[in-house]
Amino acid sequence: MRTALQLVALIVGFAFAALSYPQSDDLQDISRLMKQGQHTQALDRVNQYLATKPRDAQGRFLKGLILVEQNRAPEAVDVFSKLSQDYPELPEPYNNLAVLYAAQGQYEKARQALERSIRTHPSYATAYENLGDVYTKLASQAYDKALQFDSGNSAAQTKLSLVREMISGTNRPTRTAARTEPAKAAEPAKPTVLAAAPRASTAGAPEVKAAAEPKAPVPAQTKAAPASAAKSAAAKAPEKQAEKGNSASPEEAIKAVHGWAQAWSKKDINAYLAFYARDFKTPKGEPRAEWEKARRQRITAPKRIEVGVEGIKVGAIDGNGATISFRQHYRSDSLKADSNKTLVMVRVDGKWLIRQERIGN
Amino acid sequence: MMLSSEGRNRIAVAAPDAGEHEGNFPLVLLRALRALLLVLAALALPLSLPSIAKSVRPEPQTSAEALLNRVFEDIGRQRFDAALGHIEALIRARPNFRLAHLIKGDLLLAKARPLATLGNAPNGPADRIVDLREEAVARLRAYREPHSSDQVPRYLLQLLPEQKYAIVVDTGRSRLYLFQNEGGQPRYVGDYYISTGKRGALKLRAGDQKTPIGVYHVTSSLPRKKLSDFYGNGAFPINYPNEWDRRQGRNGNGIWLHGTPSDTYSRPPRASDGCVVLSNSDLDALATHLQIGLTPVIISEEVEWLSVEEWKTERRSFLQALDTWRADWESLDTDRYLGHYSPSFAANGQDRDAWGRHKRQVNSGKSWVKVGVSDLSLFRTPGKEEVVVVTFSQNYRSNNLSNVMKKRQYWLREGGRWRIVYEGAA
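Top line first, the protein sequences correspond to chains A and B.
Numbering that gives the first Met the number 0 applies: residue 0 is where the first sequence begins, and numbers increase by one.
Numbering that gives the first Met the number 0 applies: residue 0 is where the second sequence begins, and numbers increase by one.
Keep in mind the hints are simulated off the structure, nothing from the lab.
Not one of these hints is a red herring.
Below, simulated DSSO-like cross-link-like pairs (lysine-lysine); rule was C-alpha separation at most 30 angstroms, straight line:
(1) A/Lys144 with B/Lys197
(2) A/Lys292 with A/Lys266
(3) A/Lys302 with B/Lys197
In isolation and in its complexed conformation, chain B is listed as follows (with noise of 0.2 angstroms):
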């Protein structure tokens, strides 16, 4: 079959005898859809299927990203129609998921002529394709490269026994991790499609748009109502800044975890004015697992990936320098024990200097010092500085004075060693 040299011309062609043309394939058609094919695959780099044997994909499969995901496969295996199927499914369930109508859109014009690139609206405003493009990025590589069930983030070193869930942000890849605590190691639960800050991660000042990187929790819920249609079905707003923050000068507040107003499901990549915005059905799912003031919020740039003996090791290691801190400080050696704290050390308006004479005069009048370290929490902040937000209940007990309190610490590793460079009631 061909098509006459004046191809747009629509006049009904003479039908040749159906038998000679049977075995035709629509050629322009299967060259549109590769070329659909070639666009995907160079936004997801490798082509090759995830091993379904390694990934873990607890999520119920009727939440829209697995419904995407799908629409992933299909493409990948270059099943078109059972994608266009697939993607108009996504989209009765999800009318307002834009990037899926994006999605539909490439399918049906990929059967029309050869696509070069995604969201080939001609006419619609490049911004809004731009920042499609960019989600359909992030997801595209959350399901190529889904998470491997062997792999713990490096942040989460010891969870507290009541924290039963914690929450590992990575901005760079638009995604947040679940997971559960399993006698103090993470288990992965599952992930999510997120945004963050409109000029990327590391807030440092109040306005800057970005998204903080650092430890934090839970600190509260606000429900919907009581919120605009702005948040979405709710919010968890976060500790930003904490103590860490503070003493390198950071400011701003507000951040919160929050859902996604009623117009769209899903915002762009790099939407918010710092805070992690996910989808109003993925919030309720996490909510769900969100303790107030408990569950920890680990924001990064990029995840550091451990295996479960690498992690195992890291732990193994802090748990020695924190239990050698104790040991030190029973022992009334004031000078080992200030061997703990480094130079950079500052906490309730003390510097090194004043906490050392300070703590050589408290131990002056000690004959003996217990200390138990009870409820502990250990977790390393994500960035180039090895940071450890260590958390427990301390029970101190001497010859004139006990008390039992909450603590925290910033242990900083400097020179090869682990350092207290702040501490204070938590």
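So that you can see chain A by itself, here it is in the shape it has in the complex (with noise of 0.2 angstroms):
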């Protein structure tokens, strides 16, 4: 459930071309407090001011978020499909609905709710993304079906790293919310920031990751930084960390990974097997010679493999440990797949090893 929370917190980018009257005050209060943590005082003043304006759906909006934020997702469903009844033609309210519904393992519902998304936007970007990562989750329970791939350990396995999947789209933000609350970046897994972009008025505004800028409601300045930053946030990000840790560097655990990859796309299998540690936790708890042997089979059996590793992000690191998470790209003669891969690393002997391969962040 955490997980889906954090989905939805970050999903969320709010703008209602609808109603493009500015957010008042008081919502911009109500979603600072949010932003701060401060849950409860926040759905008090939401309930109030929608006390006043029950039909206004901005502050129904945030409700909703504040909801989520509280792990109430069966009463932020509630928000959200009202909202979507009484306002068939915002997207947003559909697109958070669907990933509450994914949440909970009701792909179904989800598709049908970002189908409604789009529809009402046909170029709604982020319920295209979702939609696509629903597609997948459903697209894989479908084959688990043709697969009779339902072996107790590999059903589970798979359903796991899907649902982690889903939150895929959330490392940026998480980053964001380190960038925009420093106070908080002890905690980046629990991130804060909601949007609350009103809409961007000018055209080609998709760039407005800027939805999750803590000043939202200015909407000249949701268009131009946000990328950068993001990413200027997330190479800091394992600095400040490594501060905090003893004297590792990530420097050397990232290299490992670059490693690893390349030794993959060279189909070098024993040097691609070197980078496993002795005490390899095999993603099935299968034995370690099954797994190693299951490998060669896949690495070897494509004419060519190419490994990307793209936004690698240090996640925990101290002396001999280190968590490390990017975006994989695979591509094969047979196959392409994006992923995002967790490696869990510990030194060893001055030497990183993989201890812990997941799929997923």
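Using the hints, put the two chains back together into the complex; each one sits in its own frame.
This is how it looks when you write it as structure tokens:
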């Protein structure tokens, strides 16, 4: 559930094209309270606000977000679904409904909500992104049935990693959270930023990652910087954390990740396997030899493999351990797959090795 | 509409003015779907839809395959949402139809990203994916190249009046064709997806996991309750090894037509130990037409189809050869009569010479012989060797002996002439 909440929190962008009056000061305050983690107060305030303006879409949307923050998914679903009934032309409530449904494993409902969202705005990028993931999940369920791939472990594994997959899009916003609230950087797992970007009046607005900008209501600022800002924030994050840790440098661990991807790309199976620690936790708990055999097969089978890593993020690092996440781009002659990968690494005799490999973050 | 360069970012994009963008199509999706289409097209070869006029599809449209064909048609016409709806309907009707789930997965995934192949489950067991792809190709091929009503299989030269139906199996295409006997001429009724031997066709030895090639018939019926679940709704053993197989030194036994275990709607094209396996619903449909001890089951690696005219010519030419044999026997010209027997003739422990001596001796005691042939069936065996299995009721009368027997002969065309290589009681 936690992950789902993060997801919602991060997914949300709020752009009421239809209601282009500026957000009230009240709502800005409430939004700020929410971002500061004062959810109870924020909820009280938004309820007061809605008592006077019961149909106010922005207020209701914000209430939905607060409820999500409070892990009150059923109520949040209620808020967003009523909002979508009252304002069927708005894509965002559908989108967030879908996210909540997906978090509950109701992918079919999620799909329907996202399709509605897209119907309202045929170019609504967020909904497309989400829909892509919902389709991928639904496809994966269909494949499991097709392949009778339900032998306890593997099925659970698939499901688990795909739930993580749904969080994938939240990486950057997580970093954004760290950036916007440096004081809270120590707990990046709990982003407090919620979107509140009102509509950007200019065309070509899609760069509005700034939906997560804290001072959201200034549309003019929502366009330019965020991408680079987020990146630099990402780059900084590990350093900051490294300071806290002993003296381990993230560069070495990152270098190991690149080396690992390179060995994989070269199909140099021995070099590839050498990146795995002796106590590597095989994904399904199978014996190491069995796992190695399967890996050998997978890696030698394609004619060509290309593994790219992008957006490396060092999650936690100390002298002998590091958690590194990145986006993995896998291409072979038969398969093309992008996924989020997390490597739990351990330093053995000065060398960074993989102790655990997870899809998702 | 543009996706931001970091397209994975999930933060909502500010909604643009609806009016500016309504005409925009989700290009990403279109590309993905087009890719799926290409995948299917590549598997199925020609993309043109089958001519409805020429094809015969008498199956009820509720059968699983009819539903699947509707999905193929949707995909061919790029109606992907309809395809998804139809595949879901199919899955509701046949929840254990694994291939349907695979195609559903592809239809869904095609909406998320371009597809490189059919069955895009990256972590799935590769062998099962391959199995399902092969099933898809077999079914797609049957859809793309449906049976044409003006074609008859070369093998069914003459059916007995009481043989109401005949079965022709194509192991290469994984199809079983059902024909109805209309005055001796086969009329196509329907065809079904089947699974056959893991290691292909032309069974030679027990345990070789191959499906026999030849002319057989259904010998008995084993009901579901006498069988394990593995055989599904029932089984119909056939008479492998027949006289010809034994003559060729082939062995093994227990070749059946049978159903499918309850955990799956169908099995891969190459899955059995030599049996011909149908889905349970197809087996049930077929079972109503089977006559124990009568219904012919001709198994080929690749059915040879003839036009009705060609088929009639072949039949006429063979009937001539048979009648010459009969007339030459009646003529008591033993040399001419024995001329119909191949040097490789062998039956009941007799070779050609022993047979010749025996016949000369018998004929020497005859002043007249009359041979009547009735209840004739002619089945050409599939394969390179030209062999016709002839079964008839022989009414033999002579000055000192008369008898009626059911006879079976194997005729082989060698050096441009039909000759008998085996003859015995049927």
